[in-house]
Each structure stands twice: as structure tokens, then as C-alpha cells.
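Chemist: As you go down the protein sequences, you meet chains A and B in turn. Be aware that the first sequence starts at 1, since it is given in the working numbering, and climbs by one per residue. Be aware that the second sequence starts at 1001, since it is given in the working numbering, and climbs by one per residue.
Simulated from the structure, these hints should not be mistaken for laboratory data. As the structure is a prediction and not an experimental result, all values here were calculated from the model. Hints may be right or wrong, so weigh each one.
Claimed, not checked - Where chain B lies over chain A, by a calculated footprint (3+ residues, C-beta under 8 Å):
| # | segment |
| --- | --- |
| 1 | 127-136 |
| 2 | 300-313 |
| 3 | 331-343 |
| 4 | 349-361 |
Claimed, not checked - Looking from chain B toward chain A, a few residues come up when the C-beta cut is under 8 Å (computed):
| # | residue |
| --- | --- |
| 5 | Gly1068 |
| 6 | Leu1221 |
| 7 | Asn1299 |
| 8 | Pro1303 |
Unchecked claim - To be clear about the criterion: a stretch of chain B counts as covered by chain A if any three or more of its residues have a C-beta under 8 Å from a C-beta of chain A, and this derived list gives those stretches:
| # | segment |
| --- | --- |
| 9 | 1029-1037 |
| 10 | 1069-1075 |
| 11 | 1231-1238 |
| 12 | 1244-1252 |
Where a beta carbon is used, it is the ideal one built from N, C-alpha and C, also for glycine.
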Amino acid sequence: MTVDADGAVTAPGTPAGLDRPPGPRTETIQLLTPEGERVEHPDYPLELTDDEIKDLYRDLVLVRRIDTEAIALQRQGELGIWASLLGQEAAQVGSGRALGPRDMAFPTYREHGVAWCRGLDPTRLLELFRGVSHGGWDPAAHKFHLYTIVIGSQTLHATGYAMGIQRDGAVGEDGEAAIVYFGDGATSQGDVNEAFIWASVFNAPIVFFCQNNQWAISEPLERQSRIPLYKRASGFGFPGLRVDGNDVLACLAVTRKAMQAAREGQGPTLIEAFTYRMGAHTTTDDPTRYRLASELQAWKLKDPIERVKAYLVRTGAADAAFLEGVDAEADDLGGRVRQACLEMPDPQPLAIFENVYAGPNALLDAEREQYAAYLDSFTGEEAR
Amino acid sequence: MAELTYRQAVAAALAQEMARDDRVVLLGEDVASGGVFKTTGGLRERFGADRVWDTPISEQAIAGAAMGAAMAGLRPVAEIMFADFYATCWDQVANEIAKVRYMTGGQVSLPLVLRGANGSGGLGFGSQHGQSVENWAMTVPGLKIASPAGPAEAFGLLAAAIRDDDPVVVFEHKALYGRKEAMPDTGPDGEHVLPLGQARTVRAGRDVTLVGLSITVGTCLAAADELAAEGIEAEVIDLRTLVPLDAAAVLSSVARTGRLVVAEENPGQLGWGASIAAIAAQEAFGDLAAPVTRVSGGNVPLPVAASLEAEVDVSVSRIAGAVRGVLGASRPLSSTG
Chain A
1 MTVDADGAVT APGTPAGLDR PPGPRTETIQ LLTPEGERVE HPDYPLELTD
51 DEIKDLYRDL VLVRRIDTEA IALQRQGELG IWASLLGQEA AQVGSGRALG
101 PRDMAFPTYR EHGVAWCRGL DPTRLLELFR GVSHGGWDPA AHKFHLYTIV
151 IGSQTLHATG YAMGIQRDGA VGEDGEAAIV YFGDGATSQG DVNEAFIWAS
201 VFNAPIVFFC QNNQWAISEP LERQSRIPLY KRASGFGFPG LRVDGNDVLA
251 CLAVTRKAMQ AAREGQGPTL IEAFTYRMGA HTTTDDPTRY RLASELQAWK
301 LKDPIERVKA YLVRTGAADA AFLEGVDAEA DDLGGRVRQA CLEMPDPQPL
351 AIFENVYAGP NALLDAEREQ YAAYLDSFTG EEAR
Chain B
1001 MAELTYRQAV AAALAQEMAR DDRVVLLGED VASGGVFKTT GGLRERFGAD
1051 RVWDTPISEQ AIAGAAMGAA MAGLRPVAEI MFADFYATCW DQVANEIAKV
1101 RYMTGGQVSL PLVLRGANGS GGLGFGSQHG QSVENWAMTV PGLKIASPAG
1151 PAEAFGLLAA AIRDDDPVVV FEHKALYGRK EAMPDTGPDG EHVLPLGQAR
1201 TVRAGRDVTL VGLSITVGTC LAAADELAAE GIEAEVIDLR TLVPLDAAAV
1251 LSSVARTGRL VVAEENPGQL GWGASIAAIA AQEAFGDLAA PVTRVSGGNV
1301 PLPVAASLEA EVDVSVSRIA GAVRGVLGAS RPLSSTG
């Protein structure tokens, strides 16, 4: 399968009708080419200092390192599963760094880079994948909801949250907004389409950030859509745009602008970050069974980190010491993540009964008592 | 307090809570114009469009957005027009809303209410609009479930549900909406709130315990009247809520009567009455003089024809018949107490 610049899908044996003329030419917003050349876009001026770009580079390297460590931990049996963000670092860091402290983010299970930008200790992410908690961080404290694993459900939570912002009158000059992450596969879910409708008719302060990584497990984009995903927004009545999802500068610029529009009361925007899932869907998946090595090779040339590095080196903004320093920091982080993972305590057995309801519940309390008595029947180190 | 119909009591409870707490918002289909069952009349006029949200026709979004709005600090009351439509939003209700407190380790509360019209009751709404589906909700830990049997309960339980910090599903009975009764005396603050998890003994009796919920409470009372003419005194318990469940009220009644008949409108297979029966069998075995008996809706989709619906629904004669059977099957309890 190929997707050309217009998003038109061409593949042998595609259903009749797919060869109809595409709509207006697709524009992909890009501010940094794969070769590391800085390009300007009239609608997305972006003034960043060298230090700010170096910070973004650091973010990208560190979140990839977290990912690499987590995959290794899974392979060694220390995590049950891991959903790799490899290849999507720029989409996540660029959009994540565009958020204000009061903006609320609703992730899928792959948004490790956004979590990083929200100040969440990456070791917390591993709790879910190691199976010791569902995440357990305070979504309100980090303005970052728990990972949502049911595909697309979080788009409705974000929409409702955005309506809550509206109800509180927190839209305007000093407003706040919600951002929700989802993938190309999720665009086929009813929830996502309902969220588009609601956000549109209520003019909710929300940004829909779709990372189109081309694959929904083994299903290619052509199984989800006959038009470029960002063009769907026009049918729902709000703007949509496509950004180079491997370009951290462009992702930052378009998300900043869309979030600001939402905060000011201009309603939703759909951002399609055109990227590629370089790894497997999760560690249980083997993508070589369904996609071509040549496709992966082509995307390797568009790597989100290499282009920033090329820019920094060529412009002299970063020297070898800086790059080595980031690598060393990444290794330290990887080591810290590993250590924390191995040291995670298993939850206490009676935690089963906690937080089902806010207060006491007679039947549940009886079950808990019974179980506590059972645990107490053991002696010595077996006891709870 | 005035006499109110069940539907007026719903609207009055919503008004009471919306006046008390400006974080309470109402959302759903047609709620601004008063609702298709006229349970939200006057609220849009009184509280404005930013607190009464008419929504697109998408139940999954109603439930999902209610969750998001609760996360943003509101206390949403979401109307699911017909309880049958929980099937169209069950992911949000069962997989998301019910589990947020648990999955966040208690750090996020969802103080929200899902409410709407449940049950059949001779209205001919058919298989997809007339079901009684409390048992669906009862399969999902994390949800609380209230099912009011009359106007005063419709008022008080809804008010309590709105004040509760957990998600509560309130099943209003569409065949009771026109029922009228005087509201009870209110407390010093002039508010009417009934605690969740407290059953009510609506009729005292020594021979058998009848347990009902929502519309079957009235059916149990009518059966008790019929049985009284035969010298059989039935005690009738209105559960009011399934979660929390006031099992103690049932067990203490059974300890006195020795016999239990449970009347539930939903189909018998995995109906809520099975839970009551199981608890009684385990906790009150020594008190029971006869097998616990369940009277339930049929294990069929609800027919649309009135004559057939009446056969499927729980009726006075089926409850009375069950009681006679239970009395006939009773064993002496002298050895066990």
C-alpha cells in the first residue's frame, strides 16, 4: 500500500471508487525537513532559541530511551507487555510541550512522550505494564489522565471535560483547553465520531490529536479511511490539518496554535500527525508478518531525532559535549527506570477491595473481612 | 409538602439539587424542552442553558461526556431516555465510569448520575424500549443502583444519588411516572433526601417476606392484600437500592417469617432476585421453613402486545400463587428454632 501526498490510497485490488479524483492537494505542515533544514511556514511562525531546541532534542532522546529500556524489560520478563512509541517521539513531545499547565491531556496507552512532558515520572508508566497498578498517578495533579486502553473512549471524556471548562467559564484570553490523543485506527470508532460531533456543536475547547502511524495492529490505513484523516474534520464542521508527525517543531507549532484557538473559544481542531509506528503494535506483535521492510526503511530516513540532531550540529547550536551529555543522561534515566521497575512492590492482597466505592459497602466489607481472616490464618512470613 | 407525581418528583429533586449546588448540570436528549417523559420540565428556564444541556442523539457520548465533565469538577446528571439504551453506551458505563475510582487508586471520584425510564408495566413499549435492566447494572462493581417505587422515593433517592461521590444509576419506572403521592415531611433544611442502601418495610406481616423493587413493590402490596383475605400476613420490603444492598433488612425479616418470595421485573436468568435468594440461602438457611421462591419477568424478549406483556410481567396472581406454594411447602422449624 502507498499513500501519496494527497492521501490517495493506491493498492492493487482496492475497491472500486478509490481511483476517483482526490480533493484539493494535501498539505503537510513541516518546519524541519528530514535532513534537518529549517523551513518556514507562513501560518506557523516559530521562534525558538537554540536552547529551546536543544531541550526538545533532550526530550526526544530521553523518551526514546525510556521506550528502549521498557522493551528490554519486557523481553526479560519484567513487564507483561509494552506499547512502544518508537518513531512517534516528535508527535508526542512537540504536542506535549505545547500544553499549558492548566490544559488537560487524555492519552491512549502509547503516550509515554506526552507523559514525560506532563512531568510524570516514567517509572509510574511501568506500573501498568508490569501489572502492579492501573497507573495510579493522580490525573488532576499532572493534568494527564490514566492511559485509556479501550480504543477511542477517551475522546468522549476529553470532550466532556472541555464542556466542563466551558461551564466554568474558563474559556477566553486566559483560558484552558483539553487535548485528546488517539490513533488512525480509533477514527473508525463510534466514540471518536461522536466526540467530533459534540465538540463541534458545543464549540468545545478541545484539540483532537491523531497520531496516524499508518497501522492499527496489522490493519493499514486504507482499511480505516478513503480520505486523509484530517479532511474528516470539515465534515464535522471544524478545521483539520496534517502535520509532519516526525517534525517536533511543526508538531509544537500547530498544537500551540490549535490549543490557543481552543482556549480562546474558537472551538476544536483536528490535528493529524502523519508519522509511523517503527516498532510493533505492542511487544506481543510481530509486524514483519504483515508489512514490508522497505516501508520501514523509507520511514527510517525520516527519523524524528536524527533531523533535530542534524540541525543542531550543522548550525553549531550543539557540540559533541552536549550530545554526549544527553546520551549519558539517557543512560542514567534508563538505569533508573530499570531499577525502579525491579523494585516495584507487589500490591497488598487487601488492596483488591479498596476504592470500589467512596464509602463502606456492607457486602464488600464482609468479603474483605472474610479474606482478611483467611490471610490471618497463615503464620509467620506468609501473613499479610 | 405538596402531592407530586413520580415525574414531577424527579423534576423537583433535580431542581432542589441544582439550586443547592451549582456544579450540578443536566444533560441528555430533549432535556431542555422538558424531556420525553416530562421529567425535566422547567429546569432549562430556571437554571439556564449552561446547566441544562440538550445533546446530540448519542448515548455513548452522553455517558462519556458526563464522565469527563465530572473529572472537570461538575456533578453531571445524564439522562438515558430509555434504560434499554444502556446497551448503546455500555462501554462508557461498565468499562470506564464504573472503574475510574478503582483504577486511579481512589484519586478520581466520579460524582455522576445516569437516570432514565426503565421497565414495562403494561405500556406496550416492546422488546427494545420496555425492558427492565437493573440486572445489567448489577453485574458491574463500581456502580450504585437505585430504583424508586414511588414519587417520594423518586425524589429522595435521586437527591441522594446526586450528592453521592460514586456513579449512581437511577432506574425510574416509566409506568409509575403518573403515580401521585404526598411528599413526606422534610427536615429542618426543607430538603428531602433518602439514604442509599436502606430498604423500607412497607407492610408488616408474620407469615412470609415479600421483597420487591420499583414497580414490583406495588405488586407485592396488592398480593399481600389479596393474601390477607385468606388470613396470610405478608411482610413487604422495598429494597430501594440494589447497590448498596440492604441484605440485613431482608435477613431480619426472614428471621421472623421463615419464608421468602422475591419479585423482580427483569428476566429471571441472572436477575437481581438470584442474588437475594443466594444470600438468604447462605445466611438464613436455619431460619427458612420453605424454599426461597423467585417471581420474575419471563426469560423471553418483552412482547409488545399488551395481553402477552401481562403474561411476561410479574403479576399479583403470580406473587400470591408463589406465596401459597411456599406456605404449602413449609416444614416445621421446631428443631432449628
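Chemist: Each hint needs a verdict: does it hold in this structure or not?
Modeler: Hints, one by one, checked against the model:
no.	hint	verdict
1	127-136	holds (count 4)
2	300-313	violated (count 0)
3	331-343	violated (count 0)
4	349-361	holds (count 7)
5	Gly1068	holds, 3 Å
6	Leu1221	violated, 26 Å
7	Asn1299	violated, 26 Å
8	Pro1303	violated, 30 Å
9	1029-1037	violated (count 0)
10	1069-1075	holds (count 6)
11	1231-1238	violated (count 0)
12	1244-1252	holds (count 5)
The structure is inconsistent with the numbered hints 2, 3, 6, 7, 8, 9, 11, although it conforms to all the rest.
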